[in-house]
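S.K.: Listed here are the chains, written in short residue letters.
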Amino acid sequence: MSAEPLLSVHEVTSGYGETQVLRDLSLTVDGGEIVSLVGRNGAGKTTTLRSIMGILTPTSGRITYRGEDISALDATETAKKGLALVPEERQIFPELTVRENLELADYGGSPDVDSLSVGEALEMFENLQARASNAGSSLSGGEQQMLAIGRALVGGADLILLDEPTEGLAPYIVQDVMDIITELNERGITVLLVEQNVHVCLDLADRNYVINQGEVVYEGTSESLRADEEVLDKYLGVTA
Amino acid sequence: MTRGGKPQGRRRDVLKAITAGSVAGITGLAGCVGDPDEMENGDDDDFDTVQFGVLEPFTGEFSDLAEERHQGTELAIEQINESDEYDFEIEYDDYDTQLDPATATQRAEQAVQSDGAQFITGCISSSAALAINDFALENEVVYTPGAADTSITGANCNEYVFRFETSTAQIAEVMAQWTADELGDQIVYHIADYAYGESVLNEVETRMESISDDYEQVGVTRSDPGSTDFEAFISQIADVSDEADALVVGMTGADLAIFLSQAGARGLQDEIPIVTTTGSFRAVRAGAGDGAYNTYSGVRYIPDIDTGDNQEFVEAYEAEYGDLPDNFSRVGYESIRMVANGIREAGSRNPSTVAETLSGMEHDTIFGPNEFRECDQQAMNPVWMGECVEPDSGELADVELLEELTGEEAAPDCEDTGCEL
Amino acid sequence: MITGFLQPLVDGLTIGVVYVLLAAGLSVIFGVMHVINFAHGELFALGAYFALALVVPFGGTAFFAALFIAPLLVGIIGVAIERYTVRPLYGRNPLYHILLTFGLVLVINDLIYLVWQPGNVNLPVPEILTGTINVLGINASVYNMFIIVFGGVMAFAVWAMLEYTKYGLIIRAGSQDRQMVRNLGIDIDRYYSLVFGMGAALAAVAGIILGGYQTVSPEMGMSVIIPAFVIVVLGGLGSFKGAVVGGLLVGVIQTVLRTYAPIFEGMVIFLLMIAVLLLRPRGLFGVETEEEGGELLTGSGGFLEPQTRKQLAIGMIALLALVPLGVGTLYSAYAVTLMIEIIIWGLFALSLDFVMGYTGLVSLGHALFYGLGAYAVAITLLHVSQSAFIAIGLAIVISAAIAWFVGFLSIRVGGVYFAMITLAFAELFYNMLYRLDITGGSEGLFGISTYYGIAGMGPTLGDIGFYVGPVALTGQSLFYYIALGALIASFLITRRMLNSPFGSVLKSIRENEQRSTFIGYETTIYKRRAFVISGALAGLAGGLFTLNAGYATPSFAYWLHSGEVIVMVILGGMGTLYGPIIGAGVFFGLEEILTGFTARWRLVLGTIFVLFVIFLPRGLVSLPAQLAPYVSGGSGPGPEPEPAPDEPSVRGDD
Amino acid sequence: MAMETTETNQRSAGDTILETEDLVKKFGQFTATDRINLTVERGEFRSIIGPNGAGKTTLFNLITGALPATDGAVYFDGEDITSLSPSERVRRGIGRSFQISNIFGGLTVRENVRLASQSLDRDQYNFLQSLFKPTGRYDSMNERTDRILDRIGLRDVADETADALPYGDKRRLEIGVVLATEPDLVLFDEPTAGMSVEETQETIDLIEEVLVDQTLLLIEHDIELVMELSDHITVLNRGEILAEGTPNEIAANSDVQDAYLGGMME
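Residue numbers (this note's numbering), protein chains in the order written: chain A, 157 to 396; chain B, 267 to 687; chain C, 205 to 858; chain D, 250 to 515.
All clues given are correct.
Capping the alpha-carbon separation at 30 Å, the derived lysine-lysine pairs in DSBU-like fashion look like this: (1) C:K370 - C:K445; (2) C:K445 - D:K275; (3) A:K237 - C:K370; (4) D:K382 - C:K514.
To be clear, the hints were calculated from the coordinates, so they are not data collected in a lab.
In isolation and in its complexed conformation, chain A is listed as follows (with noise of 0.2 Å):
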């Protein structure tokens, strides 16, 4: 391995619209890291995601990956280079049964990439296992959420883009998201996490960006965020 991170994003700036969200946003993540994005609703941590993934256009900067520029590429090109959104709302096909939404990211994804076939990804997730031929739109948020990463599994990602996986989950259930975490990281596939949950990225991440409109206010690792209470007084509006 190079010095050279697996991903760079560098001084992007994207929106909707007229509507700039992100303003000369950098930040680098290196192979096998959690890196988790924090900051308040409407930081810009979403549109950051959909940018690196190629739903939106940076109108300027450039975002590489494994040194290759991907700054213009759509969604379907990003996701054959081994990049996998997670997004939030988790968009599982709710009339394609479980199997058949994790067949369906088989046909996609990244040659590349050694992948779980879908049998392996339904034995990593009971639940699924038990509900392979249920629709989607019957699964639970918790069941859900593991459908969703067990595709991106199953379609060779390296690196995954995590949009906030604890939202709406019962506490006991966000445990097991966070331990699948965990065990993803430990398969050597790398993380950028978008959590509001602080607390989550605190304990799962290796480094983190703190992002406040659209650009980055601080970044460190969990020991040196959780020492800094200006910044999480003034962005996460945590306190003391």
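Guided by the hints, dock chains B, C and D onto chain A, whose structure is given.
M.R.: Positioned in the frame of chain A, the structure of chains B, C and D alone reads:
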């Protein structure tokens, strides 16, 4: 107005343009409101050309018939222009009426107002023909329609309309007589639910009633015009086939072709004889394929007949187009010839004069001696009954003639036509 | 008595299976690409003609080969259509696909005429498929059985393909959430062509087996497209299951009604469609899909200074007023006739623009109101009074009343569904014209005369002559001024309305309906009022036609006319009022010129229209503004304004 | 009628402008808001905060009528408005501004404001007038329009197309449009989303300046801003009200810390 070199000529132009329009003439002074007098079209004895407008539905459902009719028209014009017997030449323009009476009238207006046609011919669908009927009267131009609807020379007749096409009434005459004689008087009907279908039903029924006291209408089924699926009707007809002697079908064109094709596939003609009005048309036989075999049809025309100068017509037609003429070709052909005879006889190209001359005038036609009789200006065509049979080779059914009625026998009585001329 | 029930069932299934094949492609294409493909019927006809081309030289048994080769060819054509015409429109309002494919209908239909000539032709089927069979007292032809079995197998094969193959899975997923399919690294856009091709091939199969059953003719596409839409809407746009159930249902219902209640046949499917759209807009099996965004691109009127525009308009009117004076010297009386046609259709187009261009309601059934006006005038003149004023007055009032009723029922459903429901109403009306005695059935009403006055006092146009210098203005020329007056009055009135508070609200609805609601406007009421005004103007246009021509026929309400008037509005530039009038002029001008050269003028017109939809969606009136930057060398708006995707702002959750 | 009046009188006791009663909204199985009881006093500046998915926008949609409630009731000025259409609610004095600027882009700035102003005057002219009398001839309406243009500082660009305005001005226009409907209560859904720090401050200043007399209900993510501006704060979590109080009370509330801010200080 007197400015410029030729006041005289300019005044003539103005007059012509106005008289060609829908309004008759001028009195009074500039800026006044007046009541224009009727003004006769100036007769000029001296003319080299006559302008025809040929209106056909070149696009849409009847376009193949339009083409067929148009070839007959063209052939007639060509022959007349080459012939020494006529000391004028026919010039003509084609207009596409599409399927729409509104377009038909617009084209007729173009022909008359813009291109100066005094004689118009064409239209296959009866609603377009009826619209042009009115137009011809209003604009005082002679019109020879191509539709068979009874009312064209019936309730909606007028002195400018002359029809060589055989009317539904004439066909119904031979159908009713032959059916009553050969098949029986217990009849089931299937008609397309529009004017043509209803008129077939009415005409055949009236005649059956007068022929046979025991006549009975076993049943009527109606399909929408433009229908493409007749299974339900065929099943219903098959259900009553034991009680009925014959099925009379009041449809034409694609409707009839599809009906015959589906009835054939279901073997309906084995259960009950099928009698149609236009099954002898080549277009219908072509569309119906083997569904046409062993069905009976009224016949307005087939190339085989040996009346008048028909065989000369057939030869000339075949030489020109490499194909045999069919019903609409002869209508186009003879409509032009008879009007041309009228113009020659009248010695005028003034439509009103020609119309007067044409009414009741004797012609030699492909059907032998013929006339647009005075009471309704309908040609006194003979009609036949025929059977469509499997051909020796190919797919297209042959038509064998079974019976003939002369023009006199086929024509309805003048007082029954509803025409007041 | 079991046969009494089974026979209609078997009969109905025969046609039902064909409907299934036809509707399945239409529905899947909509599901994945949100394209409403009007040209589907033409692809169906192409299938039959390709088969004919194979079967005729090689005989009946080539039928089986044709059953595979012809759909393949049509599939390839489908792919080409998707690739080169549909693709540039993704991201625009889905109504543009309706417009585009309507243009393609004109083009393909004329190509069929050109290549194969008009007329009905029998498509020979192999010996083995002829004859009849009798089981359980049911009489059926072998070919019927073949249709049911083969069609059933095809439908099953398509279902199995969708259900069990990789492509099927991707297509199904695509119809649920396209972006997520992309996120998974699957190039769904590449499958669009495949889906379109497959849909086209299915239509071709339907065309071939139906061709063997009926006949093959260039009109066969037009005759199936409306029922096909009805089925797709009934079953639910985008649902394969819906297409299957809808197709069989319509086939059986039609057949049963023919047997037991023939009076409703023809009308019932439209009533059914209206009912389903009102009660369950997504159809029986349709799923909630996100309303596709994308605005309707209206013409830009801001190119000239208001003063210049006013002068231009006055100049135009003055010029128009002079037209009849040139008759006989500069041109023949036909010029006046043609101009009357343009004026009446210009008024009709203006009426459509008032709802389409200002409230975004695309009515696919506007011929309904034109026909209504025409018949109202005809019936009044024949039965009530010969006064032109009373007749026209009644035409306006009746059209407005029916527009209120149609609007009341339809406006609650939006976008594509509104287009479909108005189409259904128009077809219903068209059917009624054929059936009712008072409308004169299929032939319509003829021989109508009128006078211009009230209570028996007043002249007929033929009796009056105005003399201006050497030129006499009578009859047709006088009517020209009446029509021109009506058009100018309508234009001024609608323009005035648009500058009034009412018009402001209409414009606000076009811009942003949601915001309009949240500053306190009940937008449904405003849209309905606009629809009523539009219906009244369309009725006036139809009424004027009949007043002049003296007849009314059912063809006035034919759906193709609704399509043509949309063509005029788009050609000219929607949302400008004057653009559609120019559009009507260009339409008839083109027709006039083109028919002089070829009977296949619709081919040229259709091509021009397709190019307009793709490249100049804001119409002719936007041309100066488009060209200005190039002429002056400055930088201006690009030729293709890229509509920003609408982010839905009322969401279920935050 | 009499009964209703009594009811109304009861409700308007005190100076409550808005009250929701056990307001429930379900999307299929999912409960977006669960028996919300919210009371807002006249003249108050109330903020609603909560994590994503807490039901804030849903609550707004229920109050404005954009979504029908599954259960419960909304009272405005003591009157039950639960079954009224959105436009009816606007006419009773509930104004709303949107997350993404939501103006009539193709119309001029003046037309934008005038439309809102016109909505207010609707009952003062008859149907025919409203169809035919040009908008330019309604004096009171145009005066009010100009007044509002002045207040939001867009009088100079009044004849420009709204689309042509810079982003910040669009937000100003958005607020002007809301203001022109003369609302008693204004709901703001993230009025500063996507704005730079300066723009945010300007917008807030503007809101404070022009809407000083109105009751304000604000959804906002910028906690700092919320703490600074609000009289009261309501915290939503998973569709329920988690806490309510003054900014200081909220800051000190450990439940809020836990749920909303991620339980960081456990």
